[in-house]
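Based on these hints, arrange chain F on the given structure of chain P.
Listed below are the residues making up each chain.
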Amino acid sequence: MRLEGRKVIALGERDGVPGEAIASCLASAGAEVVFSLTECFV
Amino acid sequence: MDPESQSQIKAVVDRFGNEDVVVVLGAADPDALEVAGETVTSGDPAYAGPLAGVSLGLPVVHILEPEVKEQVDPQVYSEQVGLLELTLDVEAVHSAMRKLRGEG
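Which chain is which? The protein sequence lines are P and F, in order.
Under the numbering used here, the first residue of the first sequence is numbered 1, with each subsequent residue one higher.
Under the numbering used here, the first residue of the second sequence is numbered 43, with each subsequent residue one higher.
Note that these hints are calculated values from the structure, not bench results.
Treat the hints loosely; a few may be bogus.
Claimed, not checked - Cut-off 25 Å, straight-line C-alpha distance, at most; resulting in silico cross-link-like pairs (DMTMM-like, lysine to aspartate or glutamate):
| id | chain 1 | residue 1 | chain 2 | residue 2 |
| --- | --- | --- | --- | --- |
| 1 | F | K52 | P | E32 |
| 2 | P | K7 | F | E112 |
| 3 | P | K7 | F | E76 |
| 4 | F | K141 | F | D62 |
| 5 | F | K111 | P | D15 |
| 6 | F | K141 | F | E107 |
| 7 | F | K141 | F | D86 |
| 8 | F | K111 | P | E20 |
| 9 | P | K7 | F | E107 |
| 10 | P | K7 | F | D56 |
| 11 | P | K7 | F | E145 |
| 12 | F | K141 | F | E121 |
| 13 | F | K52 | F | D86 |
| 14 | F | K141 | F | D71 |
| 15 | P | K7 | F | D44 |
| 16 | F | K52 | F | D73 |
| 17 | F | K141 | P | D15 |
| 18 | F | K111 | F | E76 |
| 19 | F | K141 | F | E112 |
| 20 | P | K7 | F | E109 |
| 21 | P | K7 | F | D115 |
| 22 | P | K7 | F | E61 |
| 23 | F | K141 | F | E76 |
| 24 | F | K111 | P | E4 |
| 25 | P | K7 | F | E121 |
| 26 | F | K111 | F | E121 |
| 27 | P | K7 | F | E46 |
| 28 | P | K7 | F | D62 |
| 29 | F | K52 | P | E4 |
| 30 | P | K7 | F | E80 |
| 31 | F | K141 | F | E109 |
| 32 | F | K111 | F | E80 |
| 33 | F | K52 | P | E20 |
| 34 | F | K111 | F | D71 |
| 35 | F | K111 | P | E32 |
| 36 | P | K7 | F | D86 |
Bear in mind the structure is a predicted one, so any value in this text is a computation, not a measurement.
So here's chain P without its partners, still in its complex pose (with noise of 0.2 Å):
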């Protein structure tokens, strides 16, 4: 799936990847970031 020009909603996970980190190599990808959070799964 190409990424470059989508829009994309980033689901980071405290013990996982944050959102903050997979919204930056989105970014560098070509992909617009319109939402980006960073979940605690307990």
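Quick look at chain F alone, frame taken from chain P:
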């Protein structure tokens, strides 16, 4: 997923539609991936938040999947995900994502 987050995701889809929006997950726990994935495809499995009974049908991928990684600037990926990629159970994530998408 907490109701406030569900509300924000719903607002994004209301604004942009579901054809151009992709969800990228970052959780490492298979159960967490299942809950997050279900919430943005078939609706809140706990039937507690704004996405209860709402099938957004969004495509879902994971930041640790090769098809995502190969599209990211390698230096950015290394800085943001590199260490985590070494410590998390990547194969368990891949397996959970295949299951989530019904790929067996």
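Against the structure, the hints:
Simply put, F:K52 and P:E32 have alpha-carbon atoms about 17 Å apart, close enough for the 25 Å limit, and the pair holds. At most 25 Å may separate the alpha-carbon atoms for a hinted pair to count; P:K7 and F:E112 meet this at roughly 18 Å. Proximity of P:K7 to F:E76 is assessed by CA-CA distance (about 22 Å); at most 25 Å being required, the pair is judged to hold. A threshold of 25 Å between alpha carbons decides the hint, and for F:K141 with F:D62 the separation of about 23 Å falls inside it, so the pair holds.
Proximity of F:K111 to P:D15 is assessed by CA-CA distance (about 19 Å); at most 25 Å being required, the pair is judged to hold. Pair hint F:K141 plus F:E107 holds up; C-alpha atoms about 14 Å apart against a cutoff of 25 Å. About 18 Å separates the Cα atoms of F:K141 and F:D86, which keeps this hinted pair within 25 Å; it holds. For the hint linking F:K111 to P:E20, the alpha-carbon distance of about 16 Å falls within 25 Å, and the restraint holds.
Note on P:K7 and F:E107: the hinted pairing holds, with a Cα-Cα distance of about 18 Å set against a maximum of 25 Å. Our distance criterion of 25 Å between C-alpha atoms is met by P:K7 and F:D56, whose separation comes to about 13 Å. A threshold of 25 Å between alpha carbons decides the hint, and for P:K7 with F:E145 the separation of about 24 Å falls inside it, so the pair holds. Restraint check for F:K141 and F:E121: the C-alpha separation of about 29 Å exceeds 25 Å, so the hint is violated.
Distance restraint check for F:K52 and F:D86: the Cα-Cα separation of roughly 11 Å lies within the 25 Å cut-off, and the hinted pair is therefore satisfied. With a C-alpha separation of about 13 Å, the suggested pairing of F:K141 with F:D71 holds against the 25 Å cut-off. Of the pairs offered as hints, the one joining P:K7 and F:D44 holds, with about 22 Å between alpha carbons and a cut-off of 25 Å not exceeded. For a cut-off of 25 Å, the pair hint linking F:K52 to F:D73 stands: about 22 Å separates their Cα positions.
Our distance criterion of 25 Å between C-alpha atoms is met by F:K141 and P:D15, whose separation comes to about 21 Å. Distance restraint check for F:K111 and F:E76: the Cα-Cα separation of roughly 21 Å lies within the 25 Å cut-off, and the hinted pair is therefore satisfied. Proposed proximity of F:K141 and F:E112 is supported: the alpha carbons are some 22 Å apart, at most 25 Å. For the suggested pair P:K7 and F:E109, the alpha carbons sit about 17 Å apart, so the restraint of at most 25 Å is met.
A distance of roughly 18 Å separates the Cα atoms of P:K7 and F:D115; the hinted pair therefore holds under the 25 Å criterion. Among the hinted pairs, P:K7 with F:E61 is consistent with the structure: their alpha-carbon atoms are about 9 Å apart, no more than 25 Å. Using a Cα cut-off of 25 Å, the hinted pair F:K141 and F:E76 holds, with the two alpha carbons roughly 9 Å apart. Simply put, F:K111 and P:E4 have alpha-carbon atoms about 13 Å apart, close enough for the 25 Å limit, and the pair holds.
Using a Cα cut-off of 25 Å, the hinted pair P:K7 and F:E121 holds, with the two alpha carbons roughly 23 Å apart. At most 25 Å may separate the alpha-carbon atoms for a hinted pair to count; F:K111 and F:E121 meet this at roughly 13 Å. Between P:K7 and F:E46, the direct Cα distance comes to roughly 20 Å. Compliance with the 25 Å bound is thereby established for this hinted pair. Distance hint between P:K7 and F:D62 is fulfilled; the C-alpha atoms sit about 6 Å from each other, no more than 25 Å.
In summary, the hint linking F:K52 to P:E4 is supported, as the alpha carbons are separated by about 22 Å, within the 25 Å threshold. Straight-line distance between C-alpha atoms of P:K7 and F:E80 comes to about 19 Å, which keeps the hinted pair within the 25 Å bound. Restraint check for F:K141 and F:E109: satisfied, since their Cα atoms lie roughly 16 Å apart, inside the 25 Å limit. Between F:K111 and F:E80 the CA atoms are separated by roughly 23 Å; this keeps the pair inside 25 Å, and the hint holds.
Distance hint between F:K52 and P:E20 is fulfilled; the C-alpha atoms sit about 20 Å from each other, no more than 25 Å. For the given pair, F:K111 sits about 19 Å from F:D71 by alpha-carbon distance, which is consistent with the 25 Å threshold. For a cut-off of 25 Å, the pair hint linking F:K111 to P:E32 stands: about 16 Å separates their Cα positions. For the proposed pair P:K7 and F:D86, the alpha carbon gap of about 21 Å is at most 25 Å, so the pair holds.
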